[in-house]
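Visitor: For reference, the chains in residue letters:
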Amino acid sequence: MNDIIIYAVIFLGVVGAASAVILYFIAQKFKVIEDPKIDEVEGALPAANCGGCGFPGCRGFSEALVKSVNEKQSIEGLSCPVGGNDVMAKVAAILGIVAEEKEPQIAVIRCSGSKENAPKKINYDGPATCAFAHNLSSGESGCPYGCLGCGDCVAACKFDAIYMDEVTGLPVVKDNCVACGACVIACPRDIIELRNKGKKDRRIFVSCMNEEKGGIAKKNCSVACIGCSKCFKVCPFEAITMNNNLAYIDYEKCKLCRKCVLECPTGAIHELNFPPRKEKVAEVESNVEPKIEVNKDQSLDTKE
Amino acid sequence: MKTFKIGGVHPPENKLSTDRPIEVLAIPAQVIIPLSQSLGAPSVPVVNKGDAVKVGQLIAKGEAFISSNIHSSVSGKVLKIDEAMDQSGYRRQAIFITVEGDEWMEDIDRSAELKKEITLTKEEIVSKVKELGIVGLGGATFPSHVKLMVPTGKKAEVLILNGVECEPYLTADHRLMLEKGEELMVGIKILMKGLDVKRAVIGIENNKLDAIGHLKNIAKDFDGIEVEALKVQYPQGGEKQLIDAVLRRQVPSGKLPIEVGAVVHNVGTAFAVYEAVQKNKPLFERVVTVTGKNVKNPGNFMVRVGTSINELIEKAGGLPEDTGKIVSGGPMMGKALNSVDVPVVKGTSGILLFKEKEARRVDPTNCIRCGKCITVCPMGLEPVLLAQYAELEMWENVEAERALDCIECGSCQYTCPAGRPLLDYIRLGKFRVGQIIRNRSKK
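As given, the protein sequences belong to chains A and B, one line each in that order.
So this note's numbering is basically just the index in the first sequence, starting at one, shifted up by 1.
So this note's numbering is basically just the index in the second sequence, starting at one, shifted up by 97.
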């Protein structure tokens with residue numbers, strides 16, 4: 002009985018030792034030499050694997066970072082939108098260089114075609130996918146540039162930072178948005194834009210993408226940009242450009258003076274997170290997207 | 098009786114307007130003629146705002162290889178060239194013409210007499226068809242002259258005429274075959290000469306016995322033209338299905354019918370070719386069926402391109418009160434309209450008004466794995482797989498399952514007992530795969 006145990010232990014011990022020697026030489030022969038910095042950098046990244054940086058996951062991004070430093074001693078053009086400046090500073094410290102500060106960004110919805118502002122003209126009963134609805138027709142409100150409300154952006158978001166507002170039928174971006182850009186790619190109508198967060202989270206933007214002539218755009222949506230150029234003329238900083246009957250505010254140039262907001266005849270320009278105006282308190286009661294705010298009780302009544 | 102081999106369904110026929118003769122619709126006060134009326138690139142306008150135009154005058158030129166000329170359907174003044182909503186619901190470039198009188202171009206022969214003798218040569222026929230803007234009137238609006246130009250190395254043996262009209266409700270082609278039989282035959286002769294083929298077969302489904310009898314009678318006077326009665330089966334009007342039904346030849350995946358020596362034209366196209374070649378009349382009017390169970394006065398109307406669909410509905414007795422959906426084309430492949438203020442184009446074969454109850458889709462439930470969609474698919478695809486891959490955005494698998502072969506006939510969705518939006522997802526898959534393939538070839 003004891004013999005069997007002894008032989009088995011000796012035999013397996015010899016096999017194990019032989020295998021270890023073989024494996025040692027094979028491992029030496031096929032050794033993959035990898036920069037240890039890649040592991041370090043990956044450790045510093047948020048590990049969300051969202052792809053917001055443009056690389057396949059955080060590992061891919063760390064490899065790109067290390068490669069960039071080895072080649073040109075900088076990480077220019079590479080940044081992790083999720084981690085922001087903090088993470089990039091850590092990464093830069095590991096890599097032994099200085100990171101440039103980047104303005105944090107957030108996604109904004111450039112459409113205010115809520116159920117109230119852009120009422121339904123037709124019924125869409127196909128699959129609830131914006132990509133399909135966009136291919137099929139101009140949408141329920143008739144605006145060929147507006148939000149279709151099927152929620153492809155919500156499905157694309159990996160951070161639970163965007164949700165559909167039941168009342169307005171429009172997506173709403175939450176504060177935890179990291180500007181990875183997944184929703185921007187998912188939206189077939191390019192309504193979502195990444196903009197600088199701005200001082201104290203204050204932002205001004207044209208909440209419309211409609212390039213049609215004013216009259217036609219207004220027919221479908223009461224808060225459409227009609228391309229009247231009033232904001233363009235009033236802007237003291239040349240931050241506004243007019244293109245194809247549509248105003249666009251450059252967030253780099255905009256100094257948040259809010260002159261354009263007052264000037265806009267349709268209310269297509271939105272201001273976010275500003276304190277209430279002194280002279281017109283009534284209009285800016287709730288400072289978050291005042292134009293599409295609806296009393297929730299009221300809308301429930303109409304539903305019934 | 099012959100029919101195609103794989104799949105197919107037989108929806109209720111509902112041909113309500115079979116016995117209504119083709120009626121000429123009054124010329125409207127204004128027409129809106131969209132610049133993209135055929136497959137391929139949009140045409141380029143050759144008139145300017147304020148120009149006076151006559152009926153049949155060239156107003157937009159098709160400059161790309163797959164593109165077609167567009168002619169004025171009325172006489173009057175060009176009001177503007179601007180964006181107008183077309184049947185897709187999107188605004189596209191169109192020519193607006195205010196109607197003044199009804200003055201035709203001098204070189205159009207307006208007499209009703211039948212002109213049998215074909216004087217033009219093969220090349221002249223092709224250029225005439227191109228010049229006068231003839232496109233496939235079956236619905237796909239593929240420019241006809243492209244189909245007449247047989248690629249080098251290939252040989253056309255048989256011309257197949259599609260008189261199947263397999264879509265329920267529609268009767269435009271049926272009426273045309275009954276009323277314009279002789280003209281149709283001459284048109285076929287012209288197409289045969291253009292293609293240099295000796296044999297032509299008109300495929301007609303067995304639910305149009307009068308048309309079969311009528312055309313068989315006339316065909317005796319025309320060499321090489323046969324009439325073939327086919328078993329009623331949707332989608333027999335599909336090019337590949339028709340070739341299978343008539344010739345028993347299968348067109349390989351991704352290839353054109355010329356690969357098996359066949360060319361398919363619609364009977365409506367053959368009639369338009371007759372008018373173009375013998376009477377010098379461009380394609381600016383067509384027969385449109387206006388029908389629906391609630392429509393007071395369903396019928397077939399000869400209508401000028403650019404006329405508002407609203408006028409057609411008014412002529413057919415007005416919009417019924419509980420209309421739930423207005424479809425341009427047949428019920429299987431047609432497209433729901435966003436508005437009635439959109440113009441009739443060369444590809445509009447019918448206007449269909451559904452009752453509210455008929456218009457609603459059933460709420461989709463889970464797939465029960467019955468495999469009915471696979472049984473009915475005329476292309477031998479697996480719609481359930483395609484739709485699932487498309488829903489999960491697995492585009493490589495969508496491509497591998499031959500999504501691009503799908504002819505979008507809708508048989509799968511029609512037959513699905515769970516009411517799943519199969520075709521919708523397949524269309525999405527086709528669109529994405531198309532994009533991916535184009536990007537690939539760019540690199």
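One thing to keep in mind: the hints can contain errors.
As the list claims (entries may be wrong) - Straight line, CA to CA, 30 Å or less: simulated DSSO-like cross-link-like pairs of lysine-lysine:
1. A/Lys214 x B/Lys432
2. A/Lys122 x B/Lys540
3. B/Lys393 x B/Lys452
4. B/Lys112 x B/Lys313
5. A/Lys68 x B/Lys540
6. B/Lys432 x A/Lys219
7. B/Lys393 x A/Lys231
8. B/Lys432 x A/Lys220
9. B/Lys313 x A/Lys220
10. A/Lys121 x B/Lys454
11. B/Lys390 x A/Lys219
12. A/Lys68 x B/Lys539
13. A/Lys214 x B/Lys177
14. A/Lys116 x B/Lys177
15. B/Lys112 x A/Lys220
16. A/Lys121 x B/Lys390
17. B/Lys390 x B/Lys295
18. B/Lys539 x B/Lys112
19. B/Lys539 x A/Lys122
20. B/Lys146 x A/Lys214
21. A/Lys103 x A/Lys219
22. B/Lys174 x A/Lys219
23. A/Lys116 x B/Lys452
24. A/Lys121 x B/Lys393
Hint data in this document are derived by calculation from the structure and do not stem from the laboratory.
Visitor: It remains to establish, for every hint, whether it holds in the given structure.
Guide: Going through the hints against the structure:
For the hint linking lysine 214 of chain A to lysine 432 of chain B, the alpha-carbon distance of about 27 Å falls within 30 Å, and the restraint holds. Straight-line distance between C-alpha atoms of lysine 122 of chain A and lysine 540 of chain B comes to about 42 Å, which puts the hinted pair past the 30 Å bound. About 13 Å separates the Cα atoms of lysine 393 of chain B and lysine 452 of chain B, which keeps this hinted pair within 30 Å; it holds. Taking the CA atoms of lysine 112 of chain B and lysine 313 of chain B, the gap is near 22 Å; set against the 30 Å cutoff, the hint holds.
Of the pairs offered as hints, the one joining lysine 68 of chain A and lysine 540 of chain B holds, with about 25 Å between alpha carbons and a cut-off of 30 Å not exceeded. Distance hint between lysine 432 of chain B and lysine 219 of chain A is fulfilled; the C-alpha atoms sit about 26 Å from each other, no more than 30 Å. Proposed proximity of lysine 393 of chain B and lysine 231 of chain A is contradicted: the alpha carbons are some 51 Å apart, above 30 Å. This hinted pair checks out: lysine 432 of chain B and lysine 220 of chain A have alpha carbons roughly 24 Å apart, not beyond 30 Å.
The suggested pairing of lysine 313 of chain B with lysine 220 of chain A is violated, with an alpha-carbon distance near 55 Å, which exceeds 30 Å. Between lysine 121 of chain A and lysine 454 of chain B, the direct Cα distance comes to roughly 20 Å. Compliance with the 30 Å bound is thereby established for this hinted pair. Straight-line distance between C-alpha atoms of lysine 390 of chain B and lysine 219 of chain A comes to about 36 Å, which puts the hinted pair past the 30 Å bound. Straight-line distance between C-alpha atoms of lysine 68 of chain A and lysine 539 of chain B comes to about 28 Å, which keeps the hinted pair within the 30 Å bound.
Restraint check for lysine 214 of chain A and lysine 177 of chain B: the C-alpha separation of about 15 Å stays at or below 30 Å, so the hint holds. A hinted pair counts as satisfied when its Cα atoms are at most 30 Å apart, and lysine 116 of chain A with lysine 177 of chain B does not qualify at roughly 33 Å. Distance check on the hinted pair: lysine 112 of chain B and lysine 220 of chain A sit about 38 Å apart at the alpha-carbon level, beyond 30 Å; violated. Between lysine 121 of chain A and lysine 390 of chain B the alpha-carbon distance is near 26 Å, which keeps this suggested pair within the 30 Å criterion.
The suggested pairing of lysine 390 of chain B with lysine 295 of chain B is violated, with an alpha-carbon distance near 43 Å, which exceeds 30 Å. This hinted pair does not check out: lysine 539 of chain B and lysine 112 of chain B have alpha carbons roughly 47 Å apart, beyond 30 Å. As the CA atoms of lysine 539 of chain B and lysine 122 of chain A are separated by approximately 40 Å, the hinted pair breaks the 30 Å bound. Proximity of lysine 146 of chain B to lysine 214 of chain A is assessed by CA-CA distance (about 19 Å); at most 30 Å being required, the pair is judged to hold.
Simply put, lysine 103 of chain A and lysine 219 of chain A have alpha-carbon atoms about 38 Å apart, too far for the 30 Å limit, and the pair is violated. With a C-alpha separation of about 29 Å, the suggested pair lysine 174 of chain B and lysine 219 of chain A falls inside the 30 Å cut-off, and the hint holds. Only pairs whose Cα atoms come within 30 Å are accepted, and lysine 116 of chain A paired with lysine 452 of chain B is accepted, the gap being roughly 26 Å. A hinted pair counts as satisfied when its Cα atoms are at most 30 Å apart, and lysine 121 of chain A with lysine 393 of chain B qualifies at roughly 28 Å.
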